[in-house]
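Number of protein chains: 2
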Amino acid sequence: MQLLQDTIQKIKKPDYFLISEAQKRLDSLTKPQASLGRLEEIAKQIVLISGRTMPSVKNKVIFTMAADHGVTEEEVSAFPKEVTAQMVFNFVKGGAGINVLARYAGAKVIVVDMGVRVDLGNHSGLIIKKIGYGTKNIAKGSAMSREEAIASIEAGIEVFEAEYNEGIDIVGTGDMGIGNTTASSAITSVITASPLEDVTGKGTGIDDKTLVKKIEIIKKAIGVNKPDAKDALSVLSKVGGFEIGGIVGVILAAVAKRVPVVIDGFISGAAALIAYQLKPEVKDFIIASHCSVEKGHKIILDYLGLKPILNLDLRLGEGTGAALGMGIIEASVKILTEMATFQGAGVSSSLSS
Amino acid sequence: MQLLQDTIQKIKKPDYFLISEAQKRLDSLTKPQASLGRLEEIAKQIVLISGRTMPSVKNKVIFTMAADHGVTEEEVSAFPKEVTAQMVFNFVKGGAGINVLARYAGAKVIVVDMGVRVDLGNHSGLIIKKIGYGTKNIAKGSAMSREEAIASIEAGIEVFEAEYNEGIDIVGTGDMGIGNTTASSAITSVITASPLEDVTGKGTGIDDKTLVKKIEIIKKAIGVNKPDAKDALSVLSKVGGFEIGGIVGVILAAVAKRVPVVIDGFISGAAALIAYQLKPEVKDFIIASHCSVEKGHKIILDYLGLKPILNLDLRLGEGTGAALGMGIIEASVKILTEMATFQGAGVSSSLSS
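Quick mapping for you: the protein sequence lines, in order, are chains X and F. So for the first sequence, our numbering puts the first residue at 711; every next one is plus one. So for the second sequence, our numbering puts the first residue at 711; every next one is plus one.
Keep in mind the hints are simulated off the structure, nothing from the lab. There may be inaccurate statements among the hints.
One copy or two, either will do: identical chains are not told apart, so a pair holds if it fits within one copy or between any two.
Lysine-lysine pairs mimicking BS3-like chemistry, simulated, CA-CA at most 27 Å apart [stated by the list, open to error]:
| # | residue 1 | residue 2 |
| --- | --- | --- |
| 1 | 754 | 768 |
| 2 | 940 | 993 |
| 3 | 803 | 768 |
| 4 | 720 | 929 |
| 5 | 803 | 1044 |
| 6 | 803 | 840 |
| 7 | 754 | 803 |
| 8 | 1044 | 768 |
| 9 | 754 | 912 |
| 10 | 846 | 930 |
| 11 | 768 | 818 |
| 12 | 734 | 803 |
Bound-form chain X, shown alone (with noise of 0.2 Å):
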């Protein structure tokens, strides 16, 4: 609990004087005023967090969380368990989604074992943090325990540490862990008051009867553990899951660092929620990669706040459209440090001057 208590504490507000510094900047460069839209206020947003008028986010790093979920034993997903430990081994093996995303990005993939079902083994680009051999059935009982919640969130701290010596610039969250929809749909709900009706999407691509089946078990879910909407760990422990933990830490870790932390999908979504709670003042270091399909992603982002930069119609998970957000951050970047100014390239910037 120490280390979670410390890193919270650690967090500030960001400089805000520093928006108008990043605009000034802006409106000197060779192009009409904000003609170079939501890439500016990206821009402006990088300074903000990194506290650096003239940032860089060269060193990009995607912590891709997995884990394995009990409720997968009431059939809510259209894979099967097994696929979480095969998808990681394929993640170490760089054939996924998020490998030749991040890679065309120029961005490393840590994968993190949070809590697969079956030990792994040691392969390179595997972190072992495992908190359990997957969440126990949340129809049944809760998630987890409050200690392995905190547990869960210290792991994802310290992954983050322990790579910051590397040198980061800018983070990605991502996920694997077949039924963490599941999970994902049960927190949204709790934390953002909606029905679940409303949070709770087809995931990999179940068809309509599981998705009312999928509704059906959430309820129960939230009715057997009664999880507690204003204590975040309530929530995580009773409904979650140890990769959701696992992103929460990497979150707080990384705003405490003023480090950008560029958010995925639905999954890193719901962790967002928890970050959130646990601490509000990291929504202003949150960037939001893309909207999912996944609906409940929707619901998420229009609650933190945050406006997606890509619409794309993903809904992948592993951090796939982190890894396309970040090449756009990069590129609002080197708008801001890289384009030469009206005065310095002899342009004129207005018709009187």
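Place chain F on chain X using the hints.
What follows is chain F alone, placed relative to chain X:
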């Protein structure tokens, strides 16, 4: 006229059966089916356009075509006409928005003087294809002769073909020309039969009063010149611009070689309308990088049935949106060509597998 006719004649419908080939591969990759949304759609389109089942879009070239507009004497822009030439110098020195974003995307920028009102001299990376020293004022008469319209398109074909011999996998279009949103609004209104109020925006950032005047001027231009909506060369010559003709040429030449064309914002969109009128088959080969703030752009995209990749509130032109879009397109292609298959990675593809 011969080069234009020959180029148009070379344009054929793509081989639609390739879509199902690409779909088969996408569905064999380690992800839930269609979970990468628009990335998968874009990858299929690149297969269709290129005719290759495992395409590459490594060699990227953006043509930024510049020219002046006589209509600037009506004071329809927030910037003086001198800025066109000043920005061309900024392009060749590498300080403009397009330079920054093209560098980031790994794209080469080729700047073409299609009709700037002054002589620019020799500069590395600048091609001179001057059709005239700016168009004439469309409020008083035709922007250019029909012969000049054809010459501008053929110049675009020539610059593409010269560069094609160096190797191009994907091409982007861009523009520079103070006054060219005025010409583009006129083209869009005529071809799409839309009220001028719906297709005329604030360009580089004029005030409300100037916007009213801009609409008046365009009305006058259409009244004086009576462009024939069914004759694309009439529209281009009467209310167009030399850089718009150049972009038309690049589009036609690229499509004739089955090279995907990534169009930028409103001006590139107006050029796409003309290319489409000349040969409707070009539509399948065009990818819309983004939807501009300049409101006529959405009308163009809807008219052509194109769905923009990005919505970033851009309105700079130069090819900046095309550069960003190319990054997403290349990522899409890498998903298709670099991801592991279920079988190859030993991942279960369904509950029963």
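To see whether the hints hold, each was checked on the structure:
Taking CA atoms no more than 27 Å apart as the test, residue 754 paired with residue 768 passes inside one copy only; the shortest distance there is 17 Å, against 31 Å between copies. With identical chains, the CA atoms of residue 940 and residue 993 are at most 27 Å apart within one copy only, with a shortest distance of 17 Å there and 53 Å across copies. For the identical chains of this complex, residue 803 and residue 768 are neighbours both inside a copy (24 Å) and across copies (24 Å), given an alpha-carbon limit of 27 Å. Taking CA atoms no more than 27 Å apart as the test, residue 720 paired with residue 929 passes in neither setting, with 37 Å inside one copy and 61 Å between copies.
For the identical chains of this complex, residue 803 and residue 1044 are inter-copy neighbours only, at 16 Å across copies versus 32 Å inside a copy, given an alpha-carbon limit of 27 Å. Proximity of residue 803 to residue 840 under the C-alpha cut-off of 27 Å is restricted to the intra-copy arrangement: shortest distance 20 Å within a copy versus 53 Å between copies. Taking identical chains as interchangeable, the C-alpha atoms of residue 754 and residue 803 lie at most 27 Å apart only when they sit on different chains, with a minimum of 26 Å there against 37 Å within one chain. Within a single copy, residue 1044 and residue 768 get their C-alpha atoms as close as 10 Å, and across copies as close as 21 Å, so both meet the 27 Å cut-off.
For the homomeric pair residue 754 and residue 912, the shortest alpha-carbon distance between copies (24 Å) is at most 27 Å, but the shortest distance inside one copy (36 Å) is not. Taking identical chains as interchangeable, the C-alpha atoms of residue 846 and residue 930 lie at most 27 Å apart only when both belong to the same chain, with a minimum of 14 Å there against 73 Å between chains. Taking CA atoms no more than 27 Å apart as the test, residue 768 paired with residue 818 passes in both settings, with 11 Å inside one copy and 21 Å between copies. In this homomeric assembly, residue 734 and residue 803 come within 27 Å of each other (Cα to Cα) only across copies, at 23 Å, whereas the closest approach inside a single copy is 46 Å.
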